[in-house]
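Go ahead and model the full structure; you've got the sequences and the hints to work with.
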Amino acid sequence: MEKNLKKFEFVEHTADVKFKAYGRSLDEVFENSVFAFSKITAGKKKIKRAKKKNLKIKGKGAENLIYNLINELVYLLDAENFIASDARIKVSDDLKQLEAEIYGDSSEKYRGLFHIKSATYHDIFLKRNKNNLWEAQVVVDV
Amino acid sequence: MAGIEIKKISKNIWEIPQHGKMIVPGRIFASENLVGKIKKDETIKQICNVASLPGIVKYSIALPDAHMGYGFSVGGVAAFDIDKGIISPGGIGFDINCGVRLLSSNLSKNEFLKKRKETAIKIRKDIPSGVGRAGYFRLSEKEIKEILKDGVNWAIRNGYGEKEDAENCEDGGCLLGAEPDKVSARAVGRGRNQLGTIGAGNHFLEIQEVEEIIDEKAAEAFGIKKGKICVLIHSGSRGLGHQTCSDYIVKMEEKYGHSHLADRQLAYAPIKSRLGEDYIGAMKSAANFAFCNRQLISHLVREAFKKYFPASELKLVYDVAHNIAKQEEFEIDGKKRKLYVHRKGATRSFGKGNKAIPKKYRNIGQPIFIPGSMGTASYVLAGQNKAGKISFSSAPHGAGRELSRSYAVKNISAQKIKEQLKKKDILIEAGSVKGIAEEAPEAYKDVEEVVRVSHELGIAKKVAKLKPLAVIKG
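Here the protein sequences line up with chains A and B, keeping their order.
Numbers 1 to 142, taken from my numbering, label the letters of the first sequence in order.
Numbers 1 to 474, taken from my numbering, label the letters of the second sequence in order.
If you are wondering where the hints come from, they were derived from the structure by calculation, not from laboratory data.
Note that the structure is a prediction, hence the values are computed from the model and not measured.
Please note: incorrect hints may appear among the correct ones.
Claimed, not checked - Part of the chain B face toward chain A, derived, beta carbon under 7 Å:
hint : residue
1    : Pro17
2    : Gln18
3    : Lys21
4    : Val24
5    : Gly71
6    : Val74
7    : Phe94
8    : Gly239
9    : Ser246
10   : Arg264
11   : Gln265
12   : Arg401
13   : Ser404
14   : Ser406
A virtual CB, placed ideally from N, CA and C, is assigned to each residue, including glycine.
Rendered as structure tokens:
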């Protein structure tokens, strides 16, 4: 197992933002997707862990679950002015539910944040890659 | 894309012959140079995917500004048979009724330049752009529901505009048949504090000078005069529209599955189905929210101008939607047919005599606006009847991206862009440095070429060229 696992990386897409997140476990690949979300919205700004939200998210399988998680973060930013920094996540074995502790801060304290309109299903996947790591790919509309 | 044949039909028209699961061929309207750019990403594949959707009629179309999107390409147009066809939220986009409106004024460039900075700062303060900043308008849930039903009319009723403003919007700024109850509470929650805000990404507000009149008669009808100031507003339905699209993609996937789709983002429902009708009711509601949003932004712009130029008058030229689906009638192989036209990053182009456009423009064709990238010119065009014959009455919506945002941020310096804009005497008020790099002019195709190709094809006619003086963005 790699010690310094790359959490996520961006992949070229003409108009939108595509990322790949990695994890040694399912929990970790979901947590690293939250990091990717935070990086897309906050850029170089460091988001403080000033608040915590406990969430339960349901889905119909891996891809739907990650789509719903990203969209929940988008919702929190738009409707509750909460910007995520990172998360602790526990995914159920059947991939139909996750419990998350999302850390972050009030978005009103930060200027020049970036917006995500939504996660998309375009090119979405969550699978084990050849290095035996979990790998998730998501395109978000910005 | 390698391996997919693209045949040249004539100057500016290309065809992707039917193959695989395609029901109709693909058709690209572009110059040799623009086709070269379109081939670089997955646009061609996306045109083919759309061509395989049930009930599609004639062609899956890409306009001169087309580029890769998700599901449909941006700059994509597809028309579906009303009885056998489908409606796809991904074919409209997350930002339902993202669109552009242009205000013309009686103010000259020289007068405006005296208070340019003050005006731009006030507008940026009063009309938040970017993320997580609530707008000036705080409305109850009941009021939001009224907006979803009434669009621009709600704003006018409440003193945020003139009766004439509604007449100068596509569909009168209010799509009939909106069903606010089909919009989720989450969608309302996301949009509630965002009325009167521009948003982030490629949304902007630009103060421009009419630099050149190309068609005198049309410009006169549109009220556009050389040397006068115009304001271009690019925004949409904000979080309310994004959530509505997202909600219905999930619902459609739940009901119809996704294993049959070439791209999961192309989830659809038959137009004549309960879910299809529900989405159409929700989409129209979100479209009305967007029309109202652009009206409220216009109200704040007018107030800002009033402060520094008390005698200024800003009139709405027109308001166009460029992410929308609409029922329209077209003659296909000699027969009139009712179709549901999806325009994703495409402007409707109705020509002379069309009863759907305001009377005062009926001798000309509807106004169309093609904004350039940041710091470059924008164009006013007029709709043409030829578009009804070749592009389901559609014209481009912008210059169209060419480089990815991440490439732009890595390779283009925001500071350099600021200097370039300064050299061109363009003021920029932006919320973020990264946003400037992402929207760098180099990241876009050349608007001049997109406009020229549209004009040559006869899908829209050049009317006037607008030069930016101040850009306000997130």
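Evaluation of the provided hints:
{"no.": "1", "hint": "Pro17", "verdict": "violated, 24 Å"}
{"no.": "2", "hint": "Gln18", "verdict": "violated, 23 Å"}
{"no.": "3", "hint": "Lys21", "verdict": "violated, 18 Å"}
{"no.": "4", "hint": "Val24", "verdict": "violated, 22 Å"}
{"no.": "5", "hint": "Gly71", "verdict": "holds, 6 Å"}
{"no.": "6", "hint": "Val74", "verdict": "holds, 6 Å"}
{"no.": "7", "hint": "Phe94", "verdict": "holds, 4 Å"}
{"no.": "8", "hint": "Gly239", "verdict": "holds, 4 Å"}
{"no.": "9", "hint": "Ser246", "verdict": "holds, 5 Å"}
{"no.": "10", "hint": "Arg264", "verdict": "holds, 3 Å"}
{"no.": "11", "hint": "Gln265", "verdict": "holds, 4 Å"}
{"no.": "12", "hint": "Arg401", "verdict": "holds, 5 Å"}
{"no.": "13", "hint": "Ser404", "verdict": "holds, 5 Å"}
{"no.": "14", "hint": "Ser406", "verdict": "holds, 5 Å"}
The structure is inconsistent with the numbered hints 1, 2, 3, 4, although it conforms to all the rest.
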